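There are 2 protein chains.
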Amino acid sequence: MAMHDETDTLPRLSANDRGLAYGHGLFETLELREGQLPHWPRHWRRLAEGCRRLGLPVPDRDALGGALLAEGPASGRHVLKLILTAGTGGRGYRPPPVIEPVRVVSRHPWPIYPESHTEHGVIVRHCRTRLPVDPLLAGLKHLNRLHQVLARAEWQDEGIAEGLMSDADGQVIEGTMSNVFWIEDGTLLTPDLGRCGVAGIMRERILDWASATGIETLIEPLAPDRLRQADGLFICNSVIGLWPVRRLDNHEMRIPSLMRELLQAVRERAC
Amino acid sequence: MAMHDETDTLPRLSANDRGLAYGHGLFETLELREGQLPHWPRHWRRLAEGCRRLGLPVPDRDALGGALLAEGPASGRHVLKLILTAGTGGRGYRPPPVIEPVRVVSRHPWPIYPESHTEHGVIVRHCRTRLPVDPLLAGLKHLNRLHQVLARAEWQDEGIAEGLMSDADGQVIEGTMSNVFWIEDGTLLTPDLGRCGVAGIMRERILDWASATGIETLIEPLAPDRLRQADGLFICNSVIGLWPVRRLDNHEMRIPSLMRELLQAVRERAC
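Taken in order, these protein sequences are the chains called A and B.
Residue numbering for the first sequence follows our numbering, beginning at 641 and increasing consecutively.
Residue numbering for the second sequence follows our numbering, beginning at 641 and increasing consecutively.
Careful, some of the hints might be misleading.
As a list, the in silico SDA-like pairs of lysine to any residue whose alpha-carbon atoms are at most 25 Å apart [what the hints assert, rightly or not]:
#	chain 1	residue 1	chain 2	residue 2
1	A	781	B	700
2	A	781	B	732
3	A	781	A	768
4	A	781	A	825
5	A	721	B	700
6	A	781	B	878
7	A	721	B	879
8	A	781	A	738
9	A	781	A	890
10	B	781	A	808
11	A	781	B	879
12	B	781	B	702
13	B	721	B	697
14	A	781	B	848
15	B	781	A	728
16	A	781	B	781
17	A	721	B	730
18	B	781	B	848
19	B	781	A	769
20	A	781	B	748
21	B	721	A	747
22	B	781	A	718
23	B	781	A	775
24	A	721	B	731
25	A	721	A	808
26	A	721	B	741
27	B	721	A	735
28	A	781	A	760
29	A	781	B	775
30	A	781	B	769
31	B	781	A	798
32	B	781	A	730
33	B	781	B	695
34	A	781	B	705
35	B	781	B	760
36	B	781	A	747
37	B	781	B	891
It is worth saying that the hints were derived from the structure and are not from the lab.
Since the model is a prediction, treat every value here as computed from it, not as a measurement.
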């Protein structure tokens, strides 16, 4: 396994790798904190599901987790990025008879975001780039990510923290790098990801926390109109945690008490 | 530019490359014959269109063509594969302010297929894997190719030369590695690629040859029923040339005279 700190010389990958040629592979972005991977079982579960659907051998959970930990530092907070590809193969789409996956791990400093992102919320916009309806790949964190790249390229304004992406029918699905939740009358709602979108680990943690706390959750379609009438909206991922949205395009939004409660749970690592 | 023969040690690519991380890049598969790239202007045009749509700088046509030729051998027939990526960048979908593309070129022997593929036709099947409707990326030969990989993984039978892929509405669009044409009453038809599919160079050459020869061509939707009633069907790409289909699943097909004429044009390099 190639392991590197972003300040080190980057590892090199065969130009023949199917991850490069076709995006035949998956990735995970994990928190490494004080020599622990606090949410490894969840990440591994998504990775394993991706391996099954893309025809890659499923790695052993404990062996891979151990290998990741063995190479990371025992202190501090870091972002680990794991890429798992279908390995090298000749020219042509046909997978080799035996896939020998290639793993690449990179370590990045844990980013420091302004305190106000969590306290007062961020500004978010709608993207023009549409997510295709694609149940075959929905939910997976695979390496075919041109839609996210093109959506993120739509704005340069540093004051805008995230862009929301809709599917071909105009339903809001997710952010370019995050999942979305909205609140209606004390209920926590998030879009269905059965047709497109990435099933984020933070999204799963929030849904599980809400269930355990007795908060009603619903998975429903999210039309843009519904969003403007919501009591509140937030975005989440494993690195940013949870950011309330204070403005969506020109529409000002509130931070309801349920969102404050959830922010507190994330802060206390109860979520 | 990294250049290699497949028998040489493969060039290595940064594990940080956006081509690997997101599939942010394009490729071309070209014929190199006696030190010439006979269809370079067409390949370059598609590549340039892809660069514009994916936010990559458009390479100079003659400089890139010259660079490809300078590294290839002056004799024999070879396949050149050119990959052009958005280069290295940090973690995150946002493209770097200045993209410095990375080029990787690999050379492969020109494949020798059985003479009977051209003379008597091949066996083709329908794939279950559906192409998502995705006008944003339609036509391009980009690096997000999981659908082709999964479709090609559907069969192992060496007797089946290609699989046809349909879109979400069930319309046949293309083969996993080829474009499709069918014939009805002396007219040459091929599916529209405005919503999905790769706009192949061989497809373009055939359409241009037909126009120049006075043969009527139409771009129309291709429902599976229509295919079974067609006078003939063939698949094409820059490497295989043109292969008539003699059987589609359990349905036997003929090779009409127009297809023989076209095969002759390909043989004589008039197409």
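Item to check | Violations among the numbered hints, reported as their numbers in ascending order | outcome: 1, 4, 5, 6, 7, 9, 11, 14, 20, 21, 22, 25, 28, 31, 34, 35, 36 and 37
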